[in-house]
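Undergrad: Residue numbers (this note's numbering), protein chains in the order written: chain A, 1 to 495; chain B, 1 to 495.
These are computed hints drawn from the structure, not numbers from a lab.
Some clues are possibly wrong.
[Stated by the list, open to error] Footprint (simulated), chain B over chain A, 3 or more residues, beta carbon under 8 Å:
1. 12–20
2. 29–41
3. 216–225
Predicted, not measured: the structure shown is a model, and the values here were computed from it.
All C-beta atoms in this analysis are idealised placements derived from N, C-alpha and C, irrespective of residue type, glycine included.
The chain contents come next:
There are 2 protein chains.
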Amino acid sequence: MSSAYQQLSAIFQRLSRFSHLSAIAGCDMQTTMPPGGSRARGEALAEMSVLQHEILTDKRVGDLIQEAEQQSLNDVDRANLLEIRRAYQQATLLPASLVEAKSIAGSHCEHAWRQQRPANDWKGFSANLKEVVRLSREEAQLRADANGSSRYDALLDVFEPGMTSAKLDSTFGELKTWLPDLLQQVVEKQSQQEIIHPKGPFPVNAQRELGLDIMKVLGFDFNHGRLDVSAHPFCGGVPEDVRITTRYNENEFLSAMMGVIHETGHARYEQNLPQQWRGQPVALARSTAIHESQSLFMEMQLGRSREFLQRMLPQVKIQMGDQPALQSDNFVRLTQQVKPGYIRVDADELSYPAHVVLRYEIERALIEGEIEVDDIPALWDEKMQQSLGIDTRGNYRDGCMQDIHWTDGAFGYFPTYTLGAMYAAQLFQAVKKAIPQLSELIREGDLQPVFNWLQQNIWQHGSRFSTEQLLLNATGEALNPHYFRQHLEQRYLHN
Amino acid sequence: MSSAYQQLSAIFQRLSRFSHLSAIAGCDMQTTMPPGGSRARGEALAEMSVLQHEILTDKRVGDLIQEAEQQSLNDVDRANLLEIRRAYQQATLLPASLVEAKSIAGSHCEHAWRQQRPANDWKGFSANLKEVVRLSREEAQLRADANGSSRYDALLDVFEPGMTSAKLDSTFGELKTWLPDLLQQVVEKQSQQEIIHPKGPFPVNAQRELGLDIMKVLGFDFNHGRLDVSAHPFCGGVPEDVRITTRYNENEFLSAMMGVIHETGHARYEQNLPQQWRGQPVALARSTAIHESQSLFMEMQLGRSREFLQRMLPQVKIQMGDQPALQSDNFVRLTQQVKPGYIRVDADELSYPAHVVLRYEIERALIEGEIEVDDIPALWDEKMQQSLGIDTRGNYRDGCMQDIHWTDGAFGYFPTYTLGAMYAAQLFQAVKKAIPQLSELIREGDLQPVFNWLQQNIWQHGSRFSTEQLLLNATGEALNPHYFRQHLEQRYLHN
Chain A
1 MSSAYQQLSA
11 IFQRLSRFSH
21 LSAIAGCDMQ
31 TTMPPGGSRA
41 RGEALAEMSV
51 LQHEILTDKR
61 VGDLIQEAEQ
71 QSLNDVDRAN
81 LLEIRRAYQQ
91 ATLLPASLVE
101 AKSIAGSHCE
111 HAWRQQRPAN
121 DWKGFSANLK
131 EVVRLSREEA
141 QLRADANGSS
151 RYDALLDVFE
161 PGMTSAKLDS
171 TFGELKTWLP
181 DLLQQVVEKQ
191 SQQEIIHPKG
201 PFPVNAQREL
211 GLDIMKVLGF
221 DFNHGRLDVS
231 AHPFCGGVPE
241 DVRITTRYNE
251 NEFLSAMMGV
261 IHETGHARYE
271 QNLPQQWRGQ
281 PVALARSTAI
291 HESQSLFMEM
301 QLGRSREFLQ
311 RMLPQVKIQM
321 GDQPALQSDN
331 FVRLTQQVKP
341 GYIRVDADEL
351 SYPAHVVLRY
361 EIERALIEGE
371 IEVDDIPALW
381 DEKMQQSLGI
391 DTRGNYRDGC
401 MQDIHWTDGA
411 FGYFPTYTLG
421 AMYAAQLFQA
431 VKKAIPQLSE
441 LIREGDLQPV
451 FNWLQQNIWQ
461 HGSRFSTEQL
471 LLNATGEALN
481 PHYFRQHLEQ
491 RYLHN
Chain B
1 MSSAYQQLSA
11 IFQRLSRFSH
21 LSAIAGCDMQ
31 TTMPPGGSRA
41 RGEALAEMSV
51 LQHEILTDKR
61 VGDLIQEAEQ
71 QSLNDVDRAN
81 LLEIRRAYQQ
91 ATLLPASLVE
101 AKSIAGSHCE
111 HAWRQQRPAN
121 DWKGFSANLK
131 EVVRLSREEA
141 QLRADANGSS
151 RYDALLDVFE
161 PGMTSAKLDS
171 TFGELKTWLP
181 DLLQQVVEKQ
191 SQQEIIHPKG
201 PFPVNAQREL
211 GLDIMKVLGF
221 DFNHGRLDVS
231 AHPFCGGVPE
241 DVRITTRYNE
251 NEFLSAMMGV
261 IHETGHARYE
271 QNLPQQWRGQ
281 PVALARSTAI
291 HESQSLFMEM
301 QLGRSREFLQ
311 RMLPQVKIQM
321 GDQPALQSDN
331 FVRLTQQVKP
341 GYIRVDADEL
351 SYPAHVVLRY
361 EIERALIEGE
371 IEVDDIPALW
381 DEKMQQSLGI
391 DTRGNYRDGC
401 MQDIHWTDGA
411 FGYFPTYTLG
421 AMYAAQLFQA
431 VKKAIPQLSE
441 LIREGDLQPV
451 FNWLQQNIWQ
461 HGSRFSTEQL
471 LLNATGEALN
481 PHYFRQHLEQ
491 RYLHN
């Protein structure tokens, strides 16, 4: 008879195989599926979610967890059991009726939003959003009761276990003391520089080839992954078969190129998660923000650095043809342009945190019940004015209606973008310390020592350690936003 | 409380949704997946099979079937219940240990065969095949005991419910009385004709565009399906999202073109299965041979007809460029060439049945225990000599080792190819009778009346009727191989 822990492992192995099928069917849906397949696909995926929820919330799983906690386990199994308990708690915490109601309200709100956003219809949208917020508060309350935390902290914990609004208030608060000033200085500085913009068209095939070239340099394993096209870029699939996507615009190649670098960062993390624990929760990526730190490490720390851009420039010229805009200094300036604007997903590295902090402050207050949905637009206008000097009054479409996250109630997600950026800066600083000749290596495209460091310090650990412990082990300290500031000042002010 | 029948419907609805995920993951595996994903994919698909088997063989399903059989049901529900019982019986009939042993022996034999075939290694192959045959006989015996039939008939019933070796012996026996003569006459006749062969290269993109053109003419619904590329062409996916594939050879475009027509025949059947019963067994395709009849209706009856080829010729010239080989008569001759050869999958319409009958005779005797694996090569040589005048002695690779079917124990499948060809000829004759101006309509590319007939007589019925009843309703008589002979003589001798 196998032990309680072994039985749990078998159950999670099975769940992981089912997730494999959902993940691949999900990628197919975004990249390949003809439109008419969408309803049947949605039903099939939903049926699978129901099954997985049934398996996960079976009372026997709870009993096995209690039993397994009495077993003597090694460190990895113990960490795995923690993750198993977490998954079980998350799944059993919410009554099925609430999960279903939230899923329906979210689908409805998101579906309507696809029309309401272009129509700038805040009135129509806010009516649906109120229902989503009502149900999200209900969810948050149940989670908070179980965690002994505040409502928003309980939602935050879903995406970033261990993170709290107290930590975010302090981290983001500090950031707010210097970011607007820095932004202004950089915008001023850059206004003195001339920039030549590349002239297209840039054929899709050439852009794809460039993407593949860069993925090779970044160590993407094509035996266990692919590059495809989708309307919204993502990294999906399973560690053995990681699918990343981009979208192409023939007038402009930098977006697709940087997008591919970003998704390759996610992909390398997935591809290098610990093989020996595959199928178990402990083999999964640590958290949303750690995942984002890997994509931003590749895109922001490495990908937009002068050294890396110079390394890639010959390939860029081969695929796009040489032209004045591809002169080395100009090419670097192009990828490091700072331009505060309305839209988060188009934001540069320096404006991005302003978009995130604003959303964090609003969603936290919303979930805690300090504000209501009707208060969002005015707050949005005020904060955009303060942080980026941009007037969004009456412009809901490019303001508080621009993102998909709130439509289906993903409150607590936004902070992970900027946490990821901060982790990435801190990790890159640690890599610099560990590899003194780093700049030369990057210029030569010899990134293996960097990958080895990431493998040693992040990838191979999966969810074995808490985020805090992982970062501490890797860099010698807890989250320190100083490195992010230093990175931004260094790149945008002192270069 | 829902009735037993309703509960069964819900269970099969769920199974159907799970099959959706497996089907899409299966298509992805053949068309898209990087090689390194194969092991994890195989495990995920196997886990799903195990789950489906568990759900299907649950004792409660048996009880519900017995209960539902006492209910008063309408005709369709009654037919559905028959299919449900059939699925339940098929699944519960075999002990899990046998299913697993056969699956392992089959995988092993198939895997080794991929090397053994090119190496012409009969000795190595036959050792593995013996184990597959041993387990297949065991399976056949269990099925035979349950059906009260012979062993081979019980396997036949898996692919073609209602078909027996007695019927096949008579049908195929009759065919053997005239086929070799007809073949010889046609080969002689064609040897008098000059044929100009098209000169390539034919770019893959042009071939793909031509395929898409033809699929449009054949009414393929691109909102619910796609054309992709795979090593072995197939029609897969689900009725709401049918995936067909082909493979391209730049030296030659006719194979891919005819292959696309063939798979489009399968696809139209799938896409037009009854929507109102989706998710239930009664909404599935009737049988393997009826499925093949739809592909061969499109490929052989329609696709290789002079009228259809003339209709498509302008598109062929647009995509491939004009050249002497594309002169109308020559183009028809090209697609109707008869050349007896070693390989079944490369065979023309006239030689194909000879390949099938030979395999049928050997596999029937093998399963019934009248011959052993060691007897296969001599029998193969003898029958190839008799039917096609071809010497295969010592050439196992292009002889009895050429097909994948026996490697994993799919005994009983081969006859469905020629049954499908016979059904197709009989159906086409009925269409001719129903639509007197058929030739003109085909020449004009107005195939809607043909599709309407197929929809009315075949597609919309799913598995509502037995194969025999379906054919009787559609054509006024049971399987009559006379139409197949008539078709072949008409096309190849009297044209």
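Undergrad: According to a criterion of three or more residues whose C-beta lies within less than 8 Å of a C-beta of chain B, is the stretch 216–225 of chain A covered?
TA: holds (count 5)
Undergrad: How does the coverage statement for the stretch 12–20 of chain A fare against chain B, requiring three or more residues with Cβ below 8 Å from a Cβ of that chain?
TA: holds (count 4)
Undergrad: Count the residues of the stretch 29–41 of chain A whose Cβ falls closer than 8 Å to any Cβ of chain B, and tell me whether that reaches three.
TA: holds (count 9)
This entry satisfies every hint, going by the numbered hints stated previously.
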